[in-house]
Amino acid sequence: MLTTQYSAWFLPLCLLVGAGYAALQYSAQAPWGPRLNYALAALRFAVVSFLCFLLLAPFVQSTTTRTEKPTVVLAVDNSQSVELFTPKATLAQATAGLARLAATLRGRGFAVATRSLTPGRAPGPDSLRFTAAGTDLDQLLTGTRDAYDGRNLAAVVLLSDGIANQGRSPASADYSFPVYAVAVGDTVPKKDLRLTDLAYNRVAFSGNKFPIEAELAFEGYAGGTATVELREGPKVLDSRRVALPAGRRRVKTTFQVTAPAPGKRRYEVRVVPQAGEFTALNNARPAFVEIVKGKLRVLLAGAAPHPDLKALRAALQTNDNFEVLLAVPGVAPLPPGADFDVAILHQLPAQGGLGADILAQVQAKRVPVLYVIGAQSDLAAYNRLGAGLTIQPRGAQTDAVTPLPNPGFTRFATDAEAAQRFAQYPPVAVPFGDLRLGPGAEAALWQQVGRVATQRPLLVFGGAAEARRATLLTDGSWQWRLSEAVAHDDRPEAYDRLVVRTVQLLTQNARKKRLDVYPTQDAFGTQDDVTLAAETYNAVFERLYDQKIDLTLTGDSQRVRRFSFGNAPDGAPLHLGPLPAGRYRYQARATLGGQAQQDAGELLVQNQPLEALESKANPNLLAQLARRGGQRLYYPAQLDKLAQDILKANYKPIISSDDAQKELIDLKWIFFVILAFLTTEWVVRRYSGSV
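The sequence shown begins at 297 in the numbering used here and counts up by one.
Derived by calculation from the structure, the hints in this document are not laboratory data.
Source: prediction; values computed, not measured.
There could be a bad hint or two in this list.
Taking lysine-lysine pairs in the PhoX-like style, the calculated list, with each CA pair at most 20 Å apart, reads [claimed, not checked]: (1) LYS591 to LYS505; (2) LYS560 to LYS531; (3) LYS591 to LYS661; (4) LYS809 to LYS591.
The task is simple: from the sequences and hints, build the whole structure.
As structure tokens, this is what we get:
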């Protein structure tokens, strides 16, 4: 239909303009005859009238009607278990019946498509190969829903044994189409023992006991016993007989393991195979455990009772990785031979030799130390300790200062909120004199006197690499914690974080690695995408992201594979793809904060076909899917009945219409018609004796 947005009264005006233009052009005496003159006038009239009509923005309005047939999708579970455990005659009957079903439906006006677990276009149901290494029925059905979104999908015919060993259970999903389920497989369970699960913590503290709980499933061995072993390499660490009670199908047993020296350990729980067992592929599972040093023991020692000691202990107790040991001469003596990993010495060394026994034990153990300078400190003795700072006081003079973060100190960061809280702290006393930093020493905090920012150190890190030292030049920091707690609802987070980070930085080698690369699961199958996760930390073990990590992977064949990746903030792992079965060792390297870091470990790829682990078909799952859409479960011998039921459901085609509008001026052929008319007119005039 041709129409325009302007009034129809403009059409006579277009014709009038065309007639006037033609009359003006051809009313004079012409060198050709009257008939040709009228013809040329008519041609000019048509062209000019049509051009005027185009100024009215005419458009063509069209309606297209479409009929879409109802579609039935044959979703075939072409996993290995279907072919392994379905009798050949039954499977042949099922595939032939599906082909016959497709032909019947096409003959009655349906569109029929076939989909399978294998990506890509699936052949006909009678030509499928049952080779899929895993079964994800939810992905098969969800993929069908997404592929036919907005189309006339009438129903899905699902042929499966109901064994779903990957992805989400289809029983918990919601699909927008009815499912006609066809059950194949074997409902008679095979005689088998298998480990279905291991429960354990990925990290354990050295010297502590930790549990590994194994869940054992069994078929055909009820009333008997099974031998379960805990192994590390070829060595059997523990072995026990587990009763398999009648009336149950699963039992659990727990091994208690003493964590050895720090490092990555691979344990294996294994069920000893028994006579008549269907397969031994599912009899073992690995457990990868990272053994780390136990809680850090912090010695908090003071020359005398002081509010600082309570504030420092409270800050340390906010971190579960610290265990605090308090020592004060004459009040809480330090036992000889006490074990600790780091020391906080408050006003020690002290004047008059007070607490000399504590100082001697700390020096003998050569542990990192945080010195807190106060009125009782022996500064001459402190200067001889080589802590990276030399203090030359001017008598007993002091300055009243507040902490000011040093922006050039990068070993731990101070955020804007913490800096704002520091600025609100009350001034505290520090020794006034000559303060000199030693080689390699850095100030984490400067002193601010009133509103004047200085570069005089307040918190200093120094000392040799094997004997880290830090110094806080005030014994009044308890006032900071108290004022912050009052101002921020009893949450002195900035003070506590400062103390914890200081101790963490002193003990970074004793705590954990700054580069941690580990497999995302205990073991992978040969069909799995092997993935590794990576965590990187700064000097005080705050997470870092987007760090370049180089990784080498070496298998049993000594073939070396190299990868380079970054640890993204979204936690995306490194994808290595499927790997052949075997044990692989990896080494990872990264440069964090200018320091080279490395990590090493191993991963296991097992040749353990998922489809061989469960032999018993699950028709109940298929029946549940069918009932949700108001259907029932079918078997291969009932496929002709299934075709009749689909036809009885009376699925209708969908008739849809689309209205389209297109401006006449956008039609290219109109331009060429006008050009042809004008060219014809010009040629006739040219060869008839006039231009």
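**OP:** Take the C-alpha atoms of LYS591 and LYS661, compute the straight-line distance between them, and say whether it is at most 20 Å.
**Re:** Since the Cα atoms of LYS591 and LYS661 sit roughly 17 Å apart, the hinted pair holds (cutoff 20 Å).
**OP:** Verify the proposed pairing of LYS809 with LYS591, using a straight-line Cα cut of 20 Å.
**Re:** The given pair, whose Cα atoms are some 15 Å apart, holds under the 20 Å limit.
Original post:
When you check the alpha-carbon spacing of LYS560 and LYS531, does it fall within 20 Å?
Top reply: holds (17 Å)
Subject >> Hinted pair LYS591 and LYS505, Cα distance within 20 Å >> reply: holds (14 Å)
Violated hints: none; the structure is consistent with every hint.
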